[in-house]
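Let the hints inform the model, and build the full structure from the sequences given.
Each protein sequence line maps, in turn, to chains A and B.
Numbering-wise (UniProt numbering), the first sequence opens with residue 1 and increments by one.
Numbering-wise (UniProt numbering), the second sequence opens with residue 1 and increments by one.
It should be emphasised that the hints constitute simulated quantities derived from the structure, not laboratory data.
One or more of the hints may lead you astray.
The list cannot tell twin chains apart, which means a pair is met if one copy fits it or any two copies do.
Simulated pairs of lysine-lysine, DSS-like, Cα-Cα distance not exceeding 25 Å [what the hints assert, rightly or not]:
(1) Lys-170 <-> Lys-195
(2) Lys-170 <-> Lys-209
(3) Lys-209 <-> Lys-186
(4) Lys-49 <-> Lys-236
(5) Lys-142 <-> Lys-170
(6) Lys-236 <-> Lys-143
(7) Lys-209 <-> Lys-236
(8) Lys-170 <-> Lys-186
(9) Lys-153 <-> Lys-186
(10) Lys-79 <-> Lys-236
(11) Lys-239 <-> Lys-143
(12) Lys-49 <-> Lys-239
The lines below spell out each chain.
There are 2 protein chains.
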Amino acid sequence: MSDSVLPRLEICLSPALLHLFDTRDTIVVIIDVFRATSTIAAALHNGAKSVIPVASVPECIEIGKRTENSITAGERDGKIAEGLQHGNSPLEYPSTFVEGKTLVLTTTNGTRLLHMVEDAAEIITGSFLNLSAVCDFLIAQKKNVLLGCAAWKDRFNLEDTLFAGAVATKVADHFATNCDSVRAAKYLHESAVAKGNYIDFLRDSSHYKRLSAYGLEHDMEYCTTPDQHPVVPILKGDKLVIHQ
Amino acid sequence: MSDSVLPRLEICLSPALLHLFDTRDTIVVIIDVFRATSTIAAALHNGAKSVIPVASVPECIEIGKRTENSITAGERDGKIAEGLQHGNSPLEYPSTFVEGKTLVLTTTNGTRLLHMVEDAAEIITGSFLNLSAVCDFLIAQKKNVLLGCAAWKDRFNLEDTLFAGAVATKVADHFATNCDSVRAAKYLHESAVAKGNYIDFLRDSSHYKRLSAYGLEHDMEYCTTPDQHPVVPILKGDKLVIHQ
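This is the structure in structure tokens:
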């Protein structure tokens, strides 16, 4: 196929740049590797009925109360937020615990970006835990794609961009790109591959430093292990469910 | 010196992210490699009295009229803008032409970013043409530094980030950084160095493609040649002059 008939792939490096991109008729992939979109992939793959992403702790409590068989979860500053039951680690949601339940999850960056996207064809979530599943889905859909990095309070971050670079590299033959963010993310991915694995590359990153101060090194190692949870979480109404 | 007493170095990848950074008591380096800040370095090094960066073509004409011995310059879509006398190429300003004159220059991205910064300690401009001079200046000042990429209509671009990465790499021992944009820019710079030279790395970039459609390949090659114009343009009032 010639480039001109291929769908377009772009990367938005921060929610503060989202207005620069046309998301109409586009599949938007929300990326918040540490750790919202990793937790979403794990919970759904382990049998959660759905995940409801919400912006605030009060909203999380409120929706949790009126949702049958639900779990409320979310952290602020590395600790379970007051009034919620669980944290934001993919390892907290084994099937023995989460099966059949609805996870009401509040996170700072990923949720915010997800709610900012208004007119996309579909919104899905991506993380290393479901890297190949996301790539296969994007290739199959043959639509324009925007990889949206949740970043950290609008600041560019390394881990979300690295994941975007991993996706861009894997799906390269199926998309046209003339986007410098894609080029940069692919170079970053190359640098990480040269280091041997993603987590070694990410140890020198601001988010790794912040979360390792809370003792979350093992969590982050898990979050950078590809394809542990091969599902595609897709937004239907206000809920993320597995794309069938 | 321990990291804690070193001044801070950060990179702002787009003017749309500038609000995330504290520019007080900080030296801001405006970066618009293709081609505003390259032209500024060349013109001043070749003897221009000063460069006045202005936002619009009408403003450029107006200031040109009331400034003795001035040249008005600026391009839109790769051509000299209507009503102006000269273009935005560093090669257009040899000393035989520019010596003693005031260059009134309008550019889309670089000028806009320069005018957005309000409370910096100093504003200077950087490009490969004055790479080492900029680095030496930053090391000598011992102040916090923000490398500000002009980008392209707020979109991340490869050439400005690559230059920021070159600076961050060269001055690394003199600054503390916990900024993922700095880490990413340094990796990009490593990738470019591995390619052998900057222009080969930049041939696959959106700006290179845009400007080469106007036949400006030679211009861009010149703009990526380090240290041809070893001066530090610094903003004094509304004028850029050589830092003495």
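Verification of the supplied hints:
1. Within a single copy, Lys-170 and Lys-195 get their C-alpha atoms as close as 18 Å, and across copies as close as 22 Å, so both meet the 25 Å cut-off.
2. Taking the closest pair of Cα atoms, Lys-170 and Lys-209 come within 25 Å of each other only across two copies (24 Å); inside a single copy the shortest separation is 28 Å, beyond that limit.
3. Proximity of Lys-209 to Lys-186 under the C-alpha cut-off of 25 Å is found in both arrangements, the shortest distances being 23 Å within a copy and 18 Å between copies.
4. Taking CA atoms no more than 25 Å apart as the test, Lys-49 paired with Lys-236 passes inside one copy only; the shortest distance there is 12 Å, against 62 Å between copies.
5. Taking identical chains as interchangeable, the C-alpha atoms of Lys-142 and Lys-170 lie at most 25 Å apart only when both belong to the same chain, with a minimum of 15 Å there against 43 Å between chains.
6. In the homo-oligomer, the alpha carbons of Lys-236 and Lys-143 lie at most 25 Å apart inside one protomer (18 Å), although the nearest pairing across protomers, at 50 Å, exceeds that limit.
7. Within a single copy, Lys-209 and Lys-236 get their C-alpha atoms no closer than 35 Å, and across copies no closer than 39 Å, so neither meets the 25 Å cut-off.
8. With identical chains, the CA atoms of Lys-170 and Lys-186 are at most 25 Å apart both within one copy (10 Å) and between copies (23 Å).
9. For a Cα distance limit of 25 Å, the shortest separation of Lys-153 from Lys-186 qualifies both inside one copy, at 23 Å, and across copies, at 22 Å.
10. Taking the closest pair of Cα atoms, Lys-79 and Lys-236 never come within 25 Å of each other, the shortest separation being 29 Å inside a single copy and 49 Å across copies.
11. For the homomeric pair Lys-239 and Lys-143, the shortest alpha-carbon distance inside one copy (22 Å) is at most 25 Å, but the shortest distance between copies (48 Å) is not.
12. In this assembly of identical chains, the alpha carbons of Lys-49 and Lys-239 lie at most 25 Å apart only when taken from the same copy (10 Å versus 63 Å across copies).
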